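Peer 1: Chain A is fixed; fit chain B onto it per the hints.
There are 2 protein chains.
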Amino acid sequence: MVAASPTHSVILGIDPSLRGTGYGVIRIENRKAKAVDHGTVRCPAGWSRSRCLAEIARTVGSRIAALHPTACVLEGLFYAQNLQTALIMGEARGASLVAAAEAGLEIFEIAPRKVKQAIVGYGAAQKLAVAKMVQRMLDLPSLPDADAADALALALAYSQTLSRYSFDSVKRI
Amino acid sequence: MVAASPTHSVILGIDPSLRGTGYGVIRIENRKAKAVDHGTVRCPAGWSRSRCLAEIARTVGSRIAALHPTACVLEGLFYAQNLQTALIMGEARGASLVAAAEAGLEIFEIAPRKVKQAIVGYGAAQKLAVAKMVQRMLDLPSLPDADAADALALALAYSQTLSRYSFDSVKRI
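Residue numbers (my numbering), protein chains in the order written: chain A, 842 to 1014; chain B, 842 to 1014.
Careful, some of the hints might be misleading.
[Claimed, not checked] Listed next, with one range per pair, are the computed distances between beta-carbon atoms:
{"no.": "1", "chain 1": "B", "residue 1": "Asn923", "chain 2": "A", "residue 2": "Ala965", "range": "19 to 25 Å"}
{"no.": "2", "chain 1": "B", "residue 1": "Gln925", "chain 2": "A", "residue 2": "Ala965", "range": "46 to 52 Å"}
{"no.": "3", "chain 1": "B", "residue 1": "Asn923", "chain 2": "A", "residue 2": "Asp980", "range": "41 to 47 Å"}
{"no.": "4", "chain 1": "A", "residue 1": "Gln967", "chain 2": "B", "residue 2": "Leu908", "range": "46 to 52 Å"}
{"no.": "5", "chain 1": "B", "residue 1": "Gly887", "chain 2": "A", "residue 2": "Gln958", "range": "47 to 53 Å"}
{"no.": "6", "chain 1": "A", "residue 1": "Arg872", "chain 2": "B", "residue 2": "Asp878", "range": "37 to 43 Å"}
Hints listed in this document are in silico derivations from the structure and should not be mistaken for laboratory results.
Computed from a predicted structure; not experimentally measured.
For every residue, glycine included, the Cβ atom is placed at its ideal position computed from N, Cα and C.
Isolated chain A, as found in the complex (with noise of 0.2 Å):
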């Protein structure tokens, strides 16, 4: 499903929230995909907004001094309720995308009905679909949690579009 990147091999996704932040690093061998790591960083409700944000950098970027990624993958046109919603999660991604442009990764941006196209072939899958789906693709012992697989799926539709040669739903920001 997934074919060999000319440029990029091990590839991390980003799905930021303040609370929960998932990540999921893929690793392309044999025209396969194959996840690395995942999981969610769990910032409890007792924490601060910047203790928060000092936690997302911190195991994003131990995570790509133990991985090795040089492309990372995030949400473009995401959805927000309101301004602050909209700042809150900004926040979430800045420090997620300092991690990461700190370590010189390449980063980009996929808009979220490309990764449920890409995935599960549909632009407004649930999340339990894209979990499922994403536990198939990667041959995961268990179900991954939600965000940690929004993660995996930004990655794995990244991965699609490079064995595609079809760069139009990613944008590099």
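Peer 2: Same frame as chain A, now just chain B:
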């Protein structure tokens, strides 16, 4: 006008934006505020968003390492024209906050109107009026640029709340 703080004598103000993040560091000595450093992180339009964010975090981090502020102050309750603007502003804030939080600073927010009230005495003051008052309060040889002046104003406004023991307009984040 500004009294010594029992807890923080070197204060960093930050006015984050993607292309021009203002920063200013003040030191409280003998119940008077002195400007230690101020400037603007300029990121040309040709730079990618992620490169700008890394530059913001790098510059803020280097000023913290050099000048050892113990408190960091940003604007709270900001205004943005739309969700996309809020997201991008949030990313710049996230980059700044990561640098401050990683260095262990206490981080606070003050509403923009409270800053203008504290500095100019009028919550809807123009940017130029803020810059002129900041120049006068800190005996600066020339008018600071608008972004750096806003950052110095944040630091000064915060230092006033310390001297008055009136923390009601300051929120720890």
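Peer 1: Next, verify each hint and record whether it holds.
Peer 2: Hints and how they fare:
1. B:Asn923 <-> A:Ala965: 19 to 25 Å: holds, 24 Å
2. B:Gln925 <-> A:Ala965: 46 to 52 Å: Violated - the Cβ-Cβ distance for B:Gln925 and A:Ala965, about 22 Å, lies outside 46 to 52 Å.
3. B:Asn923 <-> A:Asp980: 41 to 47 Å: 42 Å Cβ-Cβ, so the 41 to 47 Å window holds.
4. A:Gln967 <-> B:Leu908: 46 to 52 Å: Holds, at about 50 Å.
5. B:Gly887 <-> A:Gln958: 47 to 53 Å: violated, 32 Å
6. A:Arg872 <-> B:Asp878: 37 to 43 Å: violated, 53 Å
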